[in-house]
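Enquirer: Residue numbers (our numbering), protein chains in the order written: chain A, 1 to 133; chain B, 1001 to 1265.
FYI, nobody ran anything at the bench for these hints, they're computed from the structure.
Any given hint could turn out to be false.
In silico lysine-lysine, DSSO-like type, Cα no more than 30 Å apart, as pairs [said to hold, decoys possible]: (1) B:K1188 <-> B:K1239; (2) A:K13 <-> A:K31; (3) B:K1099 <-> A:K31; (4) A:K109 <-> B:K1239; (5) A:K31 <-> B:K1203; (6) A:K96 <-> B:K1239; (7) B:K1239 <-> B:K1139; (8) A:K96 <-> A:K109; (9) A:K63 <-> B:K1188; (10) B:K1203 <-> A:K60; (11) A:K13 <-> B:K1203; (12) B:K1203 <-> A:K109; (13) B:K1135 <-> B:K1244; (14) B:K1094 <-> B:K1156; (15) A:K10 <-> B:K1094; (16) B:K1156 <-> A:K82; (17) A:K65 <-> B:K1012; (18) B:K1012 <-> B:K1203; (19) A:K13 <-> B:K1094; (20) B:K1244 <-> A:K96; (21) A:K13 <-> B:K1156; (22) A:K63 <-> B:K1203; (23) A:K96 <-> A:K13; (24) B:K1188 <-> B:K1244; (25) A:K13 <-> A:K82.
Looking from chain B toward chain A, a few residues come up when the C-beta cut is under 7 Å (computed) [as the list claims (entries may be wrong)]: (26) L1125; (27) W1127; (28) N1162; (29) K1188; (30) C1189.
Heads up, incomplete: computed chain B residues facing chain A, CB under 7 Å, no partners named [claimed, not checked]: (31) P1007; (32) C1009; (33) S1015; (34) I1037; (35) W1040; (36) Q1041; (37) A1045; (38) V1046; (39) A1078; (40) P1154.
C-beta atoms are modelled at their ideal positions from N, C-alpha and C, and glycine is treated no differently.
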Amino acid sequence: MKQQESVLEKVRKEVEERSGQDVNACIQCGKCTGGCPLVAAMDLLPREIMLYLQQGAEEKVEKSKTPWICASCFTCTVRCPKELDLSRVMEAVRVKILRPRGITGLNPKDISPELLQDVPQQALVSSFRKHSR
Amino acid sequence: MQYLYYPGCTLKESSAQDMERTALDAAAELGLSLIEIEKWQCCGAVYPLVEDEYVTLLSPARVLFQAKENPVLTLCSACYHVLKRTNQRLSTDKEARDKISWHLEEDYPGETRVIHYLEALRDDLGWEELKNKVKNPLKHRRLAAYYGCLLLRPEKEMNFDNPERPNIMEEFLQALGAEVITYPFRNKCCGSYLAVTEREVMKDTSHNIVEMALKAGAEELITACPLCYYNLGNTLEAKEGNIKISYFSEPLAEALNLRVQEVKT
């Protein structure tokens, strides 16, 4: 039991240190999820990401598409009644996955010449910033 | 009024050159002096959201260190967002400030004023003065604002306008003499950089915004963000010509009668 607790603590603390957010403060009200413009494309709700982090369910969070769908629009950030910044939590999860690997989810080779010609520079810079470290 | 102008990467490529050209022409007409910062580089497009990442603060910090006490003005929402948040971080977080100063081999010069072009119009020029300068009021043109995310949120750091009920763009359009349409979703995310990795998701979110604006009776949407411009412009409604997507500076130049001159020369 004690060992289980320490694993749980480790996962949560790592995300908390990087995001600066107290994950345990989340009361599961779902306001983040209700206002999220991208929730339809997510496999776990933003609220569920918080719950699984509280539970130390690292695998569920790391396998989820949700942190990669989050576009850091900060809607949840300005609406959370506990003033938690979920965009920072999502970034901390992405960073945790990215740092040992360098890049994931965006292979420069997969960007078609047509798309490269078409999208604004800003989209490319942001995407690479999101998917690589 | 004099500002250091930070263009950012996207305004120098073809897709957003219209925003820069019309905004600079209008600034000259309105007596706002915009001096482009020398040797600028990309701000990084996104603000680093984890506490232990300092390297990505260097690029926006360079702009602020260079500007010192001079106000820095941007047109692009993303540049505004990144520069303003970096500015705030450096002024309040000693550890970040010391690390950045060490890397840049220069003492922190103190807080800079980072403002968006629309704020210069509202706070420095004033809506009344803008109204007086309008030569070609955009009468009977049903224009609507699209704010997106980066100008508004998080409001404690951006301090730009009310994040849920903004009105700076509506006031701006009113000053130009347009018929202003308001609609829900004007501050809802368009899908942003999912344009690269999740295009269908981006198309859905952008479609919802455009559809709502059309229902409210808008015929043209204005934005300050090249990526929003691209995403909204990729909706079927925009491609079929049912709604026009413009940079905010385009109707401004038009109201000041600058675009007409441009075509003639």
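Enquirer: Now, for every hint given, state plainly whether the structure supports it.
Expert: Structure-based check of each hint:
no.: 1; hint: B:K1188 <-> B:K1239; in the structure: holds (21 Å)
no.: 2; hint: A:K13 <-> A:K31; in the structure: holds (24 Å)
no.: 3; hint: B:K1099 <-> A:K31; in the structure: violated (36 Å)
no.: 4; hint: A:K109 <-> B:K1239; in the structure: holds (28 Å)
no.: 5; hint: A:K31 <-> B:K1203; in the structure: holds (24 Å)
no.: 6; hint: A:K96 <-> B:K1239; in the structure: violated (40 Å)
no.: 7; hint: B:K1239 <-> B:K1139; in the structure: holds (25 Å)
no.: 8; hint: A:K96 <-> A:K109; in the structure: holds (24 Å)
no.: 9; hint: A:K63 <-> B:K1188; in the structure: holds (27 Å)
no.: 10; hint: B:K1203 <-> A:K60; in the structure: holds (28 Å)
no.: 11; hint: A:K13 <-> B:K1203; in the structure: violated (36 Å)
no.: 12; hint: B:K1203 <-> A:K109; in the structure: holds (23 Å)
no.: 13; hint: B:K1135 <-> B:K1244; in the structure: holds (22 Å)
no.: 14; hint: B:K1094 <-> B:K1156; in the structure: holds (19 Å)
no.: 15; hint: A:K10 <-> B:K1094; in the structure: holds (27 Å)
no.: 16; hint: B:K1156 <-> A:K82; in the structure: holds (15 Å)
no.: 17; hint: A:K65 <-> B:K1012; in the structure: violated (34 Å)
no.: 18; hint: B:K1012 <-> B:K1203; in the structure: holds (25 Å)
no.: 19; hint: A:K13 <-> B:K1094; in the structure: holds (23 Å)
no.: 20; hint: B:K1244 <-> A:K96; in the structure: violated (41 Å)
no.: 21; hint: A:K13 <-> B:K1156; in the structure: holds (25 Å)
no.: 22; hint: A:K63 <-> B:K1203; in the structure: holds (25 Å)
no.: 23; hint: A:K96 <-> A:K13; in the structure: holds (12 Å)
no.: 24; hint: B:K1188 <-> B:K1244; in the structure: holds (18 Å)
no.: 25; hint: A:K13 <-> A:K82; in the structure: holds (18 Å)
no.: 26; hint: L1125; in the structure: violated (27 Å)
no.: 27; hint: W1127; in the structure: violated (26 Å)
no.: 28; hint: N1162; in the structure: violated (10 Å)
no.: 29; hint: K1188; in the structure: holds (5 Å)
no.: 30; hint: C1189; in the structure: holds (4 Å)
no.: 31; hint: P1007; in the structure: violated (11 Å)
no.: 32; hint: C1009; in the structure: holds (4 Å)
no.: 33; hint: S1015; in the structure: holds (5 Å)
no.: 34; hint: I1037; in the structure: violated (18 Å)
no.: 35; hint: W1040; in the structure: violated (14 Å)
no.: 36; hint: Q1041; in the structure: violated (11 Å)
no.: 37; hint: A1045; in the structure: holds (4 Å)
no.: 38; hint: V1046; in the structure: holds (5 Å)
no.: 39; hint: A1078; in the structure: holds (6 Å)
no.: 40; hint: P1154; in the structure: holds (5 Å)
When the structure is compared with the earlier hints, violations turn up for hints 3, 6, 11, 17, 20, 26, 27, 28, 31, 34, 35 and 36 and for no others.
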